[in-house]
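Reminder that position 164 of the sequence shown reads as 1241 in our numbering, one-by-one numbering, no gaps.
The reader is advised that the hints may include incorrect statements.
[Said to hold, decoys possible] Computed spacing ranges between beta-carbons, pair by pair:
| hint | residue 1 | residue 2 | range |
| --- | --- | --- | --- |
| 1 | V1202 | V1314 | 50 to 56 Å |
| 2 | T1291 | A1101 | 34 to 40 Å |
| 3 | A1203 | H1151 | 22 to 28 Å |
| 4 | V1303 | S1224 | 30 to 36 Å |
| 5 | P1150 | A1203 | 28 to 34 Å |
| 6 | T1306 | G1186 | 37 to 43 Å |
| 7 | D1273 | Q1309 | 25 to 31 Å |
| 8 | H1261 | L1139 | 30 to 36 Å |
| 9 | G1215 | Q1309 | 22 to 28 Å |
| 10 | H1281 | V1314 | 19 to 25 Å |
| 11 | V1095 | L1130 | 14 to 20 Å |
| 12 | R1184 | D1144 | 19 to 25 Å |
| 13 | G1305 | H1281 | 16 to 22 Å |
Keep in mind that the hints were calculated from the coordinates and are not lab data.
It should be emphasised that the depicted structure is a prediction, and the values quoted were computed from it without experimental measurement.
Quick reminder that beta carbons are idealized off the backbone N, C-alpha and C, glycines included.
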Amino acid sequence: MVLALETIGLDKHFGGIVAANGIALKVEKGARHALIGPNGAGKTTLINLLTGLLQPTSGRILLGGRDITAVRPHRRVKLGLARTFQINQLFSDLTPFETVGLAVCERQGLGRNAWGVFGSRPELVAEVGQLLDRFGLGEVGDQRTGSLPYGKQRLLEIALAIASRPSVLLLDEPAAGVPEDERHAILAIVAALPTDVTVLLIEHDMDLVFKFATRISVLVNGALFVEGTPAQIARDVRVREVYLGETAHA
């Protein structure tokens, strides 16, 4: 098994509160891996540790076998680790084309002079167009981001992350706040990403999780409780007791 992402004995303490307790997570390369658990289980804390927004009290984080525990957040992006947030971080006055264009230019090292060179680089313009089309944003590429339906904004945030060409994509509730009829479409687009992009998903909608994931890890009280395939997790009585409920996916 080739691992895209791994944590070894990962701990995070906030005073006397243990938010991460010896987490040993293994995410296989190319996986569609879901991280679930009840509210307060430590899921977002773990994502913040993985991305460097928080530093662990102890333990290690490996990205493609490389220790990134002490690497700063922006360098982790350069090394191939990208994320989205529960609440989007978009610039409402920019268009999707401009937003993704800036991300592509930043990846190319052109961030400080993006607008000065972007129009003269047809390969960059073409890449932005292809990304927008992949995420169903081609027809709204010239509209203000703030005017877009929320589902489109969530797709734009994922497109923005993919523009950095990550090897690992961390999605923190990407369908949160999105109308029911759009939620499955968002996860279907993510599931269809090339297999060289490994996806670790946090999501509360169990229907989405069980349709999307090839492997599921359950986090309880900051510790890994159980891992397995969707079928194994659905059958696990302990999981139903602490999270899914006795009747869910029985």
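Hints, one by one, checked against the model:
1. V1202 <-> V1314: 50 to 56 Å: At 54 Å between Cβs, range holds.
2. T1291 <-> A1101: 34 to 40 Å: Violated, at about 19 Å.
3. A1203 <-> H1151: 22 to 28 Å: Given a distance of about 26 Å, which is inside 22 to 28 Å, the answer is holds.
4. V1303 <-> S1224: 30 to 36 Å: violated, 44 Å
5. P1150 <-> A1203: 28 to 34 Å: holds, 29 Å
6. T1306 <-> G1186: 37 to 43 Å: holds, 41 Å
7. D1273 <-> Q1309: 25 to 31 Å: Since the Cβ atoms of D1273 and Q1309 sit about 26 Å apart, the hinted range of 25 to 31 Å holds.
8. H1261 <-> L1139: 30 to 36 Å: Distance hint for H1261, L1139 holds at roughly 33 Å.
9. G1215 <-> Q1309: 22 to 28 Å: At roughly 39 Å between Cβ atoms, Q1309 and G1215 fall outside 22 to 28 Å, so the hint is violated.
10. H1281 <-> V1314: 19 to 25 Å: holds, 21 Å
11. V1095 <-> L1130: 14 to 20 Å: Given about 18 Å between the Cβ atoms, the range holds.
12. R1184 <-> D1144: 19 to 25 Å: With a Cβ separation near 23 Å, R1184 and D1144 satisfy 19 to 25 Å, so the hint holds.
13. G1305 <-> H1281: 16 to 22 Å: With a Cβ separation near 19 Å, G1305 and H1281 satisfy 16 to 22 Å, so the hint holds.
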